[in-house]
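Number of protein chains: 2
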Amino acid sequence: MATIVVPENFSYQEDAEGLRKAFEGWGTNEKAIVRILAHRNAAQRKQIRQAYHGLYQEDLIKRLESELSGDFEKAVYRWILDPEDREAVMANVALKKSGDFHVIIEIACVHSSEELLAVRRAYQARYKHSLEEDVAAHTSGDIRKLLLGLVTAYRYEGSEINAKLADTEADKLHGAFKDKEFSHEEVIRILTTRSKTQLMAIFNRYRDDHGTSITKALQSEPADGLIKLLRVAIRCLDNHVKYYEKVLRNAIKRVGTDEDALTRVIVTRAEKDLRDIKELYYKRNSVTLDHAVKKETRGDYEDFLLALLGNGN
Amino acid sequence: MATIVVPENFSYQEDAEGLRKAFEGWGTNEKAIVRILAHRNAAQRKQIRQAYHGLYQEDLIKRLESELSGDFEKAVYRWILDPEDREAVMANVALKKSGDFHVIIEIACVHSSEELLAVRRAYQARYKHSLEEDVAAHTSGDIRKLLLGLVTAYRYEGSEINAKLADTEADKLHGAFKDKEFSHEEVIRILTTRSKTQLMAIFNRYRDDHGTSITKALQSEPADGLIKLLRVAIRCLDNHVKYYEKVLRNAIKRVGTDEDALTRVIVTRAEKDLRDIKELYYKRNSVTLDHAVKKETRGDYEDFLLALLGNGN
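Line by line, the protein sequences give chains A and B.
The first sequence lines up with residues 134 to 446 when you count with the numbering used here.
The second sequence lines up with residues 134 to 446 when you count with the numbering used here.
Treat each hint with caution, since some may be false.
[Stated by the list, open to error] Only pairs whose alpha carbons sit at most 30 Å apart, straight line, appear in this in silico DSSO-like list of lysine-lysine:
(1) K230/B with K428/B
(2) K261/A with K305/B
(3) K305/A with K230/B
(4) K297/A with K230/B
(5) K261/B with K297/A
(6) K361/B with K229/B
(7) K207/A with K154/A
(8) K329/B with K230/A
(9) K305/B with K229/A
(10) K229/B with K305/A
(11) K297/A with K229/B
(12) K229/B with K261/A
(13) K329/A with K261/B
(14) K229/B with K329/A
(15) K416/B with K428/B
(16) K329/A with K311/A
(17) K261/A with K329/B
(18) K207/B with K179/B
(19) K229/A with K297/B
(20) K229/B with K405/B
(21) K230/B with K329/A
(22) K379/A with K305/A
(23) K229/A with K329/B
(24) K297/B with K230/A
(25) K375/A with K261/B
(26) K305/A with K261/B
(27) K230/A with K305/B
(28) K261/B with K405/A
(29) K261/A with K297/B
(30) K179/A with K154/A
(31) K229/A with K405/A
(32) K405/A with K179/A
(33) K261/A with K405/B
For the record, the hints were derived by calculation from the structure and aren't laboratory data.
Only chain A is shown next, with the shape it has when bound in the complex:
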């Protein structure tokens, strides 16, 4: 479930006017920006952008970029974009900073088939070539194979499972991992083409037959590039709520919080399942995510994240 709180009554026109007012005069009124934008869903934010453009012949996104700065600016910029466009931007940024391939994997593995496709369309509209072209151009070898397979997937989402096949393919994965053949073409094939439901059956079978989960099996290996990414893929495909809880935990635990990760998870999940991630976070850490965020962040950035986490209106 989502965390953001949207008021019952508001008008796009007034929102646009409120934002304009926040930009004017001495210094920007960041509190007003949070009060409005953090409490509107994606469709509503789009309407506000349109209303703002209609009233002032100015691009709201560009104006926000010029008014804000630092982590707050980055978070608001991610938030104000249409979700598929935001993911396209995140993918592009991740490709440029090579090493951030886990962001590409999240986009490819957490989304539904249609959502991933929407990101691929948005990517083309913005960058004038395909996501897979850029993924291929920034990678090589086994990592390219894995990433290309994941971003081009359009997985079956029906409920049908083939139990016998799950059995065979759990064995195939186990055999490949035992022989340290992590880039075996069958490993890539299974992870990039099977439906999520089928993969869950495969992962369950793996645990039942071999006494350890597939992610644990990979964890005991030296964390080279490919193995790390295989783990991210498997965890995102298997249970992304659990995966994101850990991303947040690591981001917060780190000396000098990882604001990029914090922003990424909160902004991308606030309208989807951030409530579930919060619950798991509390169970796992015995402290609420809100509390942890309060401790690790400050200023407008803190206010914004807390609002997305469902605080106040």
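The hints should help you fit chain B onto chain A, whose structure is shown.
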């Protein structure tokens, strides 16, 4: 341009009644079936199926299968399906008869990004798993890499070209082919991710710089599985009208016509660009395609193909 001729006035109800009448009594009236179905486009055929079902609580497709036989049945069955559903069926049949991978490549490379996606959706609806799952399950090694990359592509379709990149990548292809590295990951990457416009620029560059077309370069190689499929992919991506003309030429030239190929090209292109294919066929063979088809086929099958080729009403 399309070849089929659709009359100005007709009613779905009357069409459905006409078909029902054709099924009744002693023997089937195949001429009536051709007269109706060969002169309706995909959307109209769908309406007829619905009208037929509404009137007789019977599935028109199943009834046609039970009434017809041989090449005629096969052609009508292909034709009566929605285009994306037909391609899904054709892909599935091709996978089962391994060796027919050129059909998969045609589907992946001739269609637009959205059309290919529609086929992938139709495939899932019909077979309860994804096209790429089945492609992967029926192939291995280099052929798998090529086919998977092609069927999962969602290529950029804008007009932007990067001329410098076309230059570099034409050289990459040339280098790989010179070293007989036909399955080089860069070859697969370029063919499976670049936009068709960009690929055309690459192929032109290849010809300009190396004095021979890329397909000619591959033609001089021993036609093993992969090389053959690479050629099909390049020809479908580069100029599918030319490609289909040759498929028809080979189908007709063969001792004992290749009806499968004949049906496939005529049925799948009749509503799209069969007129262009016909023109090219005439230029290349100095005999009209209609004439050649007349010579090589007979009976209801002949009537049906000729009607799709734009003859009579």
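Against the structure, the hints:
no., hint, result
1, K230/B with K428/B, "holds (28 Å)"
2, K261/A with K305/B, "holds (22 Å)"
3, K305/A with K230/B, "holds (25 Å)"
4, K297/A with K230/B, "holds (23 Å)"
5, K261/B with K297/A, "holds (16 Å)"
6, K361/B with K229/B, "holds (19 Å)"
7, K207/A with K154/A, "holds (21 Å)"
8, K329/B with K230/A, "holds (28 Å)"
9, K305/B with K229/A, "holds (23 Å)"
10, K229/B with K305/A, "holds (23 Å)"
11, K297/A with K229/B, "holds (20 Å)"
12, K229/B with K261/A, "violated (37 Å)"
13, K329/A with K261/B, "holds (13 Å)"
14, K229/B with K329/A, "holds (25 Å)"
15, K416/B with K428/B, "holds (18 Å)"
16, K329/A with K311/A, "holds (23 Å)"
17, K261/A with K329/B, "holds (13 Å)"
18, K207/B with K179/B, "holds (18 Å)"
19, K229/A with K297/B, "holds (20 Å)"
20, K229/B with K405/B, "holds (27 Å)"
21, K230/B with K329/A, "holds (28 Å)"
22, K379/A with K305/A, "holds (28 Å)"
23, K229/A with K329/B, "holds (25 Å)"
24, K297/B with K230/A, "holds (23 Å)"
25, K375/A with K261/B, "holds (28 Å)"
26, K305/A with K261/B, "holds (22 Å)"
27, K230/A with K305/B, "holds (25 Å)"
28, K261/B with K405/A, "holds (27 Å)"
29, K261/A with K297/B, "holds (16 Å)"
30, K179/A with K154/A, "holds (19 Å)"
31, K229/A with K405/A, "holds (27 Å)"
32, K405/A with K179/A, "holds (17 Å)"
33, K261/A with K405/B, "holds (27 Å)"
Violated hint for the displayed structure: number 12, the only one.
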